[in-house]
Amino acid sequence: MKKYFKLLLASVLLLCSGCHGKRTTSSFAMPASFDTSKNYEVTFWAKNDTNKNQTAVYQKAINDFEALYPNIKVNIRLYTDYGKIYNDVITNISTNTTPDVCITYPDHIATYLSGSDTVVPLDTLMDDEKYGLGGSDVKYDSIKKDEIIPEYLEECMLNGQYYALPFMRSSEVVYINADYVHQLGYEIPDVLTWDYIFEVSEAATKKNVDGTYALNGQNVMIPFIYKSTDNMMIQMLKQKGAGYADENGNIEIFNDDTKEILGEIAGHVETGAFSTFKISSYPANFLNAGQCVFAIDSTAGSTWMGTDAPLSDIAEENKVDFKTEVRIVPQYDVNDPKMISQGPSICVFNKDDPNQVVASWLFAQYLLSDDVQIGYSETEGYVPVTSKARNTESYQSYLSSEGKDHDEHYSVKIEATKLLLDNVAHTFTTPVFNGSASLRDAAGQMIEDVAKGIRRHKKVDDAFIEDEFEKVKSLYRLDSISKTTSVDTPLPMESKLLLGSLVFAWICIIVVIFLRKRNKREI
Amino acid sequence: MNKILSTVLSAAVIASMAGCSTPAASKTSSTGEGKTSVVAEDGTKSEGVMTYAEYVDAAVDSEVTVETYVQAKQGWWEDKGVGKATLYTQDQEGAYFLYDVEMSEEDYNKLTEGTKIKAVGYKSEWSSEVEITDATFEIEEGNYIAEPVDLTDMLANEDELIKHQNEKFSVKGLTVSASKDADGKDVAYLYNYDGSGTQGDDLYFNVDLDGNTYTFTVESYLCGKDTDVYKAVENLKVGDTIDCDGYLYWYNGVNPHITNITVK
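Taken in order, these protein sequences are the chains called A and B.
The numbering used here applies: residue 541 is where the first sequence begins, and numbers increase by one.
The numbering used here applies: residue 102 is where the second sequence begins, and numbers increase by one.
Hints listed in this document are in silico derivations from the structure and should not be mistaken for laboratory results.
Model, not experiment: these values are computed from the prediction.
Among these hints, one or two may not hold up.
[As the list claims (entries may be wrong)] Listed next, the stretches of chain A that the computed footprint assigns to chain B, with coverage defined by at least 3 CB atoms under 8 Å from CB atoms of chain B: (1) 587 to 601; (2) 777 to 789; (3) 936 to 949; (4) 991 to 997.
[What the hints assert, rightly or not] The list that follows gives simulated cross-link-like pairs (lysine to aspartate or glutamate, DMTMM-like), each with its CA atoms no further than 20 Å apart: (5) B:LYS273 / B:ASP180; (6) A:LYS799 / A:ASP1002; (7) B:LYS181 / A:ASP1002; (8) B:LYS281 / A:ASP853; (9) B:LYS264 / B:ASP251; (10) A:LYS818 / B:ASP235.
[Said to hold, decoys possible] So, partial list: chain B residues that the calculated Cβ filter (under 7 Å) puts toward chain A: (11) TRP227; (12) ASN293; (13) THR299.
The C-beta atom is built at its ideal place from N, Cα and C for all residues, glycine as well.
Work the whole structure out from these sequences, hints included.
Written out as structure tokens, the structure reads:
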């Protein structure tokens, strides 16, 4: 009888281990070996910055990979917007038609995980001796786990499991028209403060009698323009040590520091010192036309910034000559700088055939090989995510050729890249949970709404900001965000059926034992 | 019979709203200077509604109320649970570009070419494109389909051209000139401005007229890859002579959104 109780106890423990709802690797089982006799088609949804050099890197990577694995065909679908990829993945989860490999953000993965067995946890794949990172049977020089920059790999961990590999990393920097700053009588410090950038921007709003701006003699001048107001709010809060959200998904953004930040921004919108991309346009367009002093944008937008930028959306005749300086984003405390880490990661979607997942994984992993890492990072102000690629002679030579030309070695791009490489220790990411993508949107929305409010002559006071808090809470459903990460979602139906059948089997066993005992006594 | 009739009517409605083929015949007549008059609508505005001239004079960021007529629409989409659509609209005096108007999918489907609407929003300017943002709208009784204004003689004169911003227009006798693709080869069109895209993305192509080169766009949200104009551009050859219809969109300068092409 004791034996039965031990078995029962073991089963109960087994049941309990599944009861907290975690979907671990049970849905994907690593096959003993990769079946190379079969052909596979891997669908890869990739993002590029409307940059033909990036699409060329993707295509070369696919060609090289297919040459190594003739049984794996990679079909790429290109996007120019992370949000569109996110929306399409969400749509395709419901129809079970997700891609195999996808460029994405951890915030987005947290939402994908609310589907059933959607994204493959990569731990088992990464550690596999044959096909894992540095695996013996991988047909290329596979990157080893400890060759991935630890901070970046850590960003891909959700609830103790890796759900992505980092692909590229970037951050934001300030692109400065140094000539204008000097004309206004200021020097450019190594690290800008928020007070400094707003003070200089205010000085740049001075007008001539005829209504043109004193600084540029033009009718247009937006001294300070920010591309991503999501990042602006997030970084300002982080630097202040103020609340945003915790690891468990508790929303903390609706606080006095946020009110103070919004109030300060409102003041500078009112004077015309500050605007945003959503309200005005791309910062690069104003910077290059001599209509802006400080443009904050991604390092991955550096090829658009400055007089000699290789990419431009404005006519040559509208460009002005100026010296471009690059700095990390403004700080509240210059001795403890904090800047956001951003950039795409790679996730692998689960499929019925585990060999299909391995084929996808082999391609995902290939995107971390030196050629792809160096090739893609050099297209913009990205940095490779592996120390191996960073330490190659080729990459070091690229960095040391800053300013050699206005194309591959464009000085502003390489300067932005170096700033990022020098400041990895000062980068941070925000907590990832199901709904964190919405919170990020809400953070930026509040700045946009305050700026619009001022421009539209509304009274932006405490009451306005309180209303704004309520508005974004409702719009982004921040009140209903799960307080736990998405991997704690309800069990899938198959698991429920399995558990139910186990319980039923044990009830039958107990009944049989009971009946047999009773029969024995009766005999 | 009813089935056939409804199918034909549905097809007609869909074709007219695609905005990407030859514009449907309308009850309009030219009044010189490229402006058009309409038989069905006299252009009188309701109380509290701006005239086009008042709209032009209104300051950027001020609230505006306009009555206008849908000429074409970009696809409906949902942003954080809120339905939105972008509309190319025009009255008898000029055009109003309505960006990301809040609307349900049901309302979006009610909008057909010529539908009269009243919109309340804010006059905004984004990269020189004047538009109405954060707008709400209601459908009103009335219908007007603008005839394209011929801008062939004005194409090189941006100061004059901008007065027709967002209007339905036509240009004639253009010669397709080469663009450089991602590999540096001469091609008649590009997916994305630099050739970095694939089928389904915006199409860009260059045209020459009187020694000047202009870049035209087939905006994929307005005219997707299955539309006649998208396919027509994919079949263009350098040296082709074409006539184009479209909307005079602006992005740091004139950036026409083409909806119809006739190869000569």
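A quick look at each hint next to the structure:
1. 587 to 601: holds (count 7)
2. 777 to 789: violated (count 0)
3. 936 to 949: n = 0 at 8 Å, threshold three: violated.
4. 991 to 997: holds (count 4)
5. B:LYS273 / B:ASP180: Given pair LYS273 (chain B), ASP180 (chain B) is violated - Cα atoms ~39 Å apart, limit 20 Å.
6. A:LYS799 / A:ASP1002: Holds: LYS799 (chain A) and ASP1002 (chain A) sit about 8 Å apart, inside 20 Å.
7. B:LYS181 / A:ASP1002: violated, 26 Å
8. B:LYS281 / A:ASP853: Satisfied, since the Cα-Cα distance of roughly 16 Å is no more than 20 Å.
9. B:LYS264 / B:ASP251: The given pair, whose Cα atoms are some 13 Å apart, holds under the 20 Å limit.
10. A:LYS818 / B:ASP235: holds, 12 Å
11. TRP227: holds, 6 Å
12. ASN293: holds, 5 Å
13. THR299: holds, 5 Å
The structure does not agree with the numbered hints 2, 3, 5 and 7 stated previously, though it agrees with the rest.
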